[in-house]
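Undergrad: Add chain B to chain A, keeping to what the hints say.
Protein chains: 2
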Amino acid sequence: MSNLDPLVVFTPSGKRGRFPVGTPVLTAARQLGVDLDSVCGGRGICSKCQITPSYGEFAKHGVTVAEDALSEWNAVEQRYDDKRGLAEGRRLGCQATVQSDVVIDVPPESQVHKQVVRKRAEAREITMEPATKLYYVEVTEPDMHDPSGDLERLQLALKDQWGLEDVTGDLRTLQMLQPALRKGKWKVTCAVHRDAQEDTAHVMQVWPGYYEGSVYGLAIDLGSTTVAAHLCDLQTGEVVASSGIMNPQIRFGEDLMSRVSYSMMNPGGDVEMTRAVQEAMNALVVQVSAEAQIDRELIVEAVLVGNPVMHHLFLGIDPVELGQAPFALASSGAVSLWATEVNMQMHPAARLYILPCIAGHVGADAAAVALSEAPYRSEELVLIVDVGTNAEIILGDKNKVLACSSPTGPAFEGAQISSGQRAAPGAIENVRIDPITKEPRFKVIGSDLWSDEEGFAEATLSSGITGICGSGIIEAIAEMRLAGLVDASGLIGSAEQTGSARNIVDGRTHSYVLHDSSAEGGPLITVTNGDIRAIQLAKAALYAGARLLMDKMEVDTVDRVTLAGAFGAHISPKHAMVLGMIPDCPLDHVVSAGNAAGTGARIALLNISARREIEQVVHDIYKIETAIEPRFQEHFVNASNIPHASDPFPLLNGIVDIPVVSFNTKQSEAGGRRRRRR
Amino acid sequence: MSNLDPLVVFTPSGKRGRFPVGTPVLTAARQLGVDLDSVCGGRGICSKCQITPSYGEFAKHGVTVAEDALSEWNAVEQRYDDKRGLAEGRRLGCQATVQSDVVIDVPPESQVHKQVVRKRAEAREITMEPATKLYYVEVTEPDMHDPSGDLERLQLALKDQWGLEDVTGDLRTLQMLQPALRKGKWKVTCAVHRDAQEDTAHVMQVWPGYYEGSVYGLAIDLGSTTVAAHLCDLQTGEVVASSGIMNPQIRFGEDLMSRVSYSMMNPGGDVEMTRAVQEAMNALVVQVSAEAQIDRELIVEAVLVGNPVMHHLFLGIDPVELGQAPFALASSGAVSLWATEVNMQMHPAARLYILPCIAGHVGADAAAVALSEAPYRSEELVLIVDVGTNAEIILGDKNKVLACSSPTGPAFEGAQISSGQRAAPGAIENVRIDPITKEPRFKVIGSDLWSDEEGFAEATLSSGITGICGSGIIEAIAEMRLAGLVDASGLIGSAEQTGSARNIVDGRTHSYVLHDSSAEGGPLITVTNGDIRAIQLAKAALYAGARLLMDKMEVDTVDRVTLAGAFGAHISPKHAMVLGMIPDCPLDHVVSAGNAAGTGARIALLNISARREIEQVVHDIYKIETAIEPRFQEHFVNASNIPHASDPFPLLNGIVDIPVVSFNTKQSEAGGRRRRRR
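The listed protein sequences derive, respectively, from chains A and B. In this text, residue positions in the first sequence follow our numbering: the first is 65, and each later residue adds one. In this text, residue positions in the second sequence follow our numbering: the first is 65, and each later residue adds one.
Here chain A stands alone, though its shape is the one from the complex:
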C-alpha cells in the first residue's frame, strides 16, 4: 500500500484505504473490515459479494472516480448475469479489481451483518449473526504420504479459508463426508453451527460442491393456548413461513395451574402432556415447512420461548414445583440441547436453544419480550406489560430493570365473563357507547364494519354474534364508565338512575344489554355486575404489579407503556387507561408491541450475540415476587375502582372526561381525581 496506490472508499461505512492496482474489491473490503458477505470465499460462485461502484466527483470523500476505476466486466460476471441476472450497475466484488480511485457502495443485502427490517419505528434492529452459517471450501485431496482423515483436511480448509478454529464434526458429518467430497471433486459447502453457550462449533451438514439453497431456523412461541412459529431463512433473515397450532394440552386444563394440578393428581400426567405438546410441535414443523416448500431437514436450529410451566412440560420436566411456593424452576438458565432430545423432527443434528427464565412465574417468554423491547437499552423509563392468564410486567431503563408476575386470572381472556368467549369470529371485540343516548355500537371479529353501518348484518351472517372477547369486555366497561352507566366503585346503575332502558334488573344488581337477538333464538349479550367485578380484580392485580415495580424503582410515573402479546395487540390504550389497568402515561406513549415474545425468539434465532445478551440481562434483572410483597396487597386493594383511588391520572384527564356518578346508596364516589395520599 503506497500513496500512489488507488484510494478505495466504501459506503455506507466510510471505511477507506489504498490498494495496489488489481486488488479485488472483496479483498480490499476484507482488509478494511468492511461488512461484505461471501459464502464461496471469492471464487465467483455465490454472488453474495455484489457491490455498486459510483462514478464521478465525490467532494465528500475527496475522490474523482473515472469510468474505468474498476476492471472490465469479466466472463465470470457475464456467466452469473446470464444464469441468474445481476441488477443494473452491480458488480461481483470478488471479480472486479481496483484500477484507480473508486467509491464503492455495499448494498444492504450484500452485508454479512445485514439488518432485518421491522415495521415498528421504535423497535430495535435485528442484525444478522446466525449460529448456523454456510461456508464453501476447497479441501486438499488425501495423500498416502500424509495419512490425515478427510474430516481433518476439511477442518484445515475451514481454518485456512475462513479462519474457523476448532470446528468439530459430528457423527452424521463423518458418515456423509467422504461421498460428498468425492462427488464435489473436493469442493463442498458446509453448514457450521456455533454454540455460544458451550463455545463449540460443529459441521452439521456437508453438500457436494457449491450449495445453492439456504438453511432455516424456527422461532417458536410456546403459549398455553397456541403454539406459533416463524420459519426464517438464516442467510437473509426473511420470515418465509409463519404458522400457529392450538396447544393440545388444553384438554388437560385451560390455564397453567390446572395443568400443573393435572400433573399432581395423575401420576404420569406430565409425561402425557409432554408427549402431546411435542407431537404438536412436529405437526407445526410439518406445517411451516410445507408452507415454505422446503424439506424439514433444512431446518437446522430452533429457538423456543414459553412460560415456565410450558417450558418444563415441553422439556419433559414435571412442573409440580412450579405449582407451589417457592416456585422453584428446574433451571433458570438458558437451555441448549439437541432437537432430537425433545423428539423434534427437523435436521437430525439440529440444536434447540431456549431462552432463560426470569423467575418461577416469569418465563422465557418474558425474557424474549425483554429482548425484543430492550428496556435495558432505553433512555426512557418503560413499562412493558404482557397480559395473559398471568401478566408479566417489566419496568426499567438502561440503568436498572425490574420484573414481576401478577395473577390477573383468565378474565382478560374472556373467561369468567357471563357472555365471554375466546377471541374468534362472532366475538364482540370493539364497543362504543354514545354518552347521550347510552346506545352501543360494536364490531365483531371477522368483519370491519360497526354494527350501525350498512351491510353489518350480512357481514356477520355466517359467524353470528356469539359473545364478547377480552378486548371487547374492556372497551365495554370503559365505555359504560365514560357514559355514566357505571360508577367508580363498579356498580351498574338502574334504568332510572342512568336514563337507559338497556340497564336491566339482574337479580340484586343490574346488567347492561349490549346485544339482544333472543327474539330470533340468538343470545342475549349483557355486561353484568359480576363481569365488572371479575375485570376489576384482574385489572387491580395488573395495576398493583406495575405499581409495585414503580415503588421499587422509586418513581410515580413512567415515560412509556408497551403492551405486548396478542391481547396487547388488540387492546385500546385509551380504554385500558380509563379502566385503570395501566398507570397514567401520555396516550401516544402507549404502544402495542404485538407478539413481542415471538419477536424475541426470532432475534435470538438470527443473532447469536443476542443470546449472550439476554442471558446477561436476565441474570441482572431484579426479580420481584408479588406473593411476598405486602405493598402488592395494598396496591391491589386500592386499585379496584374505575379508575382506581390510589393514583392520580392527570394525563388521562386531558383526554377523557369521566363523569362523577355513584349508584351505591350507602356511600359517595371516592373519586378518581383526588391527589394521591402518600
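Relax, there's no trap hidden among the hints.
Pairs involving identical chains hold if they fit within one copy or between any two copies, as the list cannot separate such chains.
With a cut-off of at most 27 Å between alpha-carbon atoms, the simulated DSSO-like pairs for lysine-lysine come out as follows:
#1 K687 <-> K249
#2 K223 <-> K247
#3 K223 <-> K687
#4 K124 <-> K79
Just so you know, the hints here were simulated from the structure itself, not pulled from any lab data.
TA: Structure of chain B alone, referenced to chain A:
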C-alpha cells in the same frame, strides 16, 4: 500457621506443613496438595479419606509423634467402623484433627490418583484420573427472593464445594434433578463427566443423598474376529468383569478386505455390517454387566479401539475408501460421541471415546498399543509388532516414533495353510523336532501335555487333533529348519536328503508329516512346501516393514522387541527369530505385551490425560506407507529366506545353530550369516 503450630508430615509424598491445633487431617492434606481422596467433601460419609497415623520417633522427618498426636476416635468414625469396618490403625482424615506433630501415611486406596496395578514389570503405570467422577454436594434451598433454578444452585454448590467451573446439566439431569434434591433433603451425589476433547463438563446423573455405589466404564477392543471388553470400576480402576464375543461381521468376510469388498459389491452392505456389530456390542454390554452384577445404566462411558475398517463400520461410515489407494480415513482424529449415536445401551447419557487412527491401515488399535507400551517415553529403541491380518509396526523412543502397516496376509492366523485352522481346541500350537531323529512332538490347545507325555491321548480325546494354528506353523517351520529338514530358501528336503521318513513326496515337492491319524479316519497333518511359501511371504512382509522403519530411523539394531496382540502372546520369540520374522535382538529383550490394544483402551478409560497424550503422540508419529516405499519391496524380496539373506543375526547365532543345507540342486544356500551388504 506459626512455628509453634504442630508439624504434619504426609507419606509417601513427604509433603509437610504446620497447622493450628484442631485442623482436620483432610484440610491439611488439601492445603499441602497431598493426594487424599474424598467424595463427600469432608462430611464423614464417604470414608474415602482414610489415613494411618504413625507414632514414635521419626529421625528421617525430625519428628517425634505422641500417642495423642491426633484427636480422639470420634462418634462418626465409630459409626462408620460399626457399619462397614475400618482397618486397624486407620482413621478418617476428615474427622481426626491435628493435636501435635504427626506423621500421616496416605494408603494407596485413599489416593485420588491411585495407581492401578499391572502385572508386567516393564509396563507403564496407570494413574486414576477418570473422565467421570462422583461428587457429594449440599445444595442451597430455593428462595422466592432469589428465584434461581435448582440446576443453577447445584452448579453453584459444585463450584463452591468442589471448585468445578462451568458444569452444565443435560436434559436428563434436569428431568431427574428436582425429585432427587427433595428426596435427598438438598443433599445429592452427582456423576460429572468431563470431555477432554470439547473441554466441557456435564452432570450426567444425580442420586438423592450420598450414593454408596460406583460408576463404571467399558474398555473395548473391537477386533475383526473378536470383540473384547473390560468393565472397570471408575473409582478404583479395578477390572470387575471381562468378556469377549465373536465379531458377527465374520459372516460377511473373514478378513478386513473381504468385508470392504462386501460393502463395495452390496449396496447397503455397510449398513448391515454396522447393525451386526452394534448389536454384538450391546450383547457384550449385557454380558459384562451381568457378570459384574450391575445395572448397565451404571456404565457411564466407554473407550473403543479397533482397526480403521472396524472403526468405520462401527460408526456407520462406509469403509469403501479404506479399500483403495490412497486409503483415506473419514477421520484420523479421536472421536468423542454419545453412546446412543451408535445405539449402545448403557447409561443414556454415556459418552464414547474412540482413540485416533494413525493412518489408513494403522488404526486406533495401534494407537492403543502405542499408549500401552509408550515407546515415546522409552530411553531404549523399541520395536512393537502387532500381528494380525495386517501387521502394525511401531518403532521408536522418546525422540521419535515411526509407524507402518505391512500386508502379512492371514497366514499367521492359520489361513492359507494346508492343515491350518483358527487357534481353538485341537489345534497344534507348539512343535519341537529332535535334530537327530527328526521326530516331532507337539502340544495341542486344550491340554498342557506334550504329545510324547503320558496321558496325552486321553487329554486330547474330546478335542481331537484337528489341525495347526498360527503359532504352531511358525514353530513347526522354525524347528524343521533347525533340524535340517528345510533349507534357507524354504525347500523341504526329500527323505533321502534329510534321512527322515516323515519327509514324503507331495507332488513335485515334499511335505513333512507332523501327525498322521488317517489310519483311524483322522486327519493327516503335514507341513507342505506351499505352507512354507505362505509363511515366508508373510514373515518377509513383516520383516520388511520393521526393516523399513529401521532404515527411516537410520539404525541397524533395536534394543527391545515387543510382540503385541493375541498372536504375540502365544508366539515363541526364539522361533520367530529363527524364522526371521523380527530383527535380531537379545532373546530376553523380546517380550509379549499380551492384549496391548485392550490395555491401551483401559488406560484411556481410566485416565483422561492419557487421551490428550495419545492424540498428541499420534499426531507426532511419522507415518510410513509401505505401499509407496521402494525400499519396502527390496527388503521384502531379500527377506524370504529362513532366516533371510539381507541382515546379520549375530545375537540369534549365539542361541541356536542353524545347519547349512540346500535341497535345491540348482543353487547353493545364500546363507544367513553373511555380513550385510550396504
